[in-house]
Amino acid sequence: MMSRREGETILIGDDIEIVIARIGRTRVKVGIRAPRETPVIAREVKLIRDENLRAAGATAADLSSLIARLHPPA
Amino acid sequence: MTLLETKHFGKLSYEADSELDFPLGLPGFEDRKRFVAVHFVENDPLIYLQSLEDPALCFITMPVLAIDPQYRLNVSGEDLGRLGLNSARQPRVGDDVMCLSVLSISETGPTANLLAPILLNLRNRKALQAVAPGSDYSHQFALMPQEAMPQEAMPQEAMPQEALPQEALPQEAPQEAMPQKAAVC
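Protein chains in written order, with this note's numbering: chain X, 1 to 74; chain V, 1001 to 1185.
In isolation and in its complexed conformation, chain X is listed as follows (with noise of 0.2 Å):
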């Protein structure tokens, strides 16, 4: 844990800065400066990156089976 004021920065090794632009009352405006390679992204973003990415692998068996589940069979 590290406490910051707006306007102050954060090293991670080398060549991250993440810098508290502004703190808002209930939102924080964080500026992240990485190198080009590090992907920087909200988690939620990667979480639902990598839902959709599973989702999109569905074969048109787990199709048939979804379809069998929601309309089972009188």
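One or more hints might be untrue.
[To be verified] Dumping the calculated PhoX-like pairs for lysine-lysine here, alpha-carbon to alpha-carbon at most 25 Å:
#1 V:Lys-1033 - V:Lys-1011
#2 X:Lys-46 - X:Lys-29
#3 V:Lys-1126 - X:Lys-46
#4 V:Lys-1126 - V:Lys-1007
#5 V:Lys-1033 - V:Lys-1007
#6 V:Lys-1011 - X:Lys-46
Calculated from the structure, these hints are not laboratory results.
Could you slot chain V onto chain X? The hints should help.
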């Protein structure tokens, strides 16, 4: 009328004005921006989002309200602006927007992504996957909990690979259940 190659349903025809425009794509598929929503009465409430740019890309979705009738939207003003909607208030589902949840299927059963619903503005056909930070909704909501599942679902999964003919099984089952004519939303 344009013919469309699909992942699960062979060829479908659709009108150019039923195309949906995802200006940002979807997370993980940022360069896939054109889709159509396909609905078969027999498969209700499923709605398929078929990519027009990649026949192999098709998301299986379901209206969020069919999963959780109490679902509350929490869309950012930025996303509302992208959809061409009033950013001062949350849109009404079914009235201002169609709201779909992307389904995934795993060994433990189907799950629905309630954290990031897909919003479609049917007036201008703009669409996006809304990422709501701080939402309590799960990205892997269990659609049909284990105990509610029909028993016959189990032995299928236990079947050895050789017992599943690679070509015949995936092709036949869904197509038999579906008519040739699909409604493109």
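Here is how each hint holds up against the structure:
Note on Lys-1033 of chain V and Lys-1011 of chain V: the hinted pairing holds, with a Cα-Cα distance of about 20 Å set against a maximum of 25 Å. A C-alpha spacing of about 19 Å is found between Lys-46 of chain X and Lys-29 of chain X, which places the hinted pair at or below 25 Å, so the restraint holds. Straight-line distance between C-alpha atoms of Lys-1126 of chain V and Lys-46 of chain X comes to about 23 Å, which keeps the hinted pair within the 25 Å bound. Taking the CA atoms of Lys-1126 of chain V and Lys-1007 of chain V, the gap is about 23 Å. The hint holds against a cut of 25 Å.
A C-alpha spacing of about 17 Å is found between Lys-1033 of chain V and Lys-1007 of chain V, which places the hinted pair at or below 25 Å, so the restraint holds. Between Lys-1011 of chain V and Lys-46 of chain X, the direct Cα distance comes to roughly 33 Å. Violation of the 25 Å bound is thereby established for this hinted pair.
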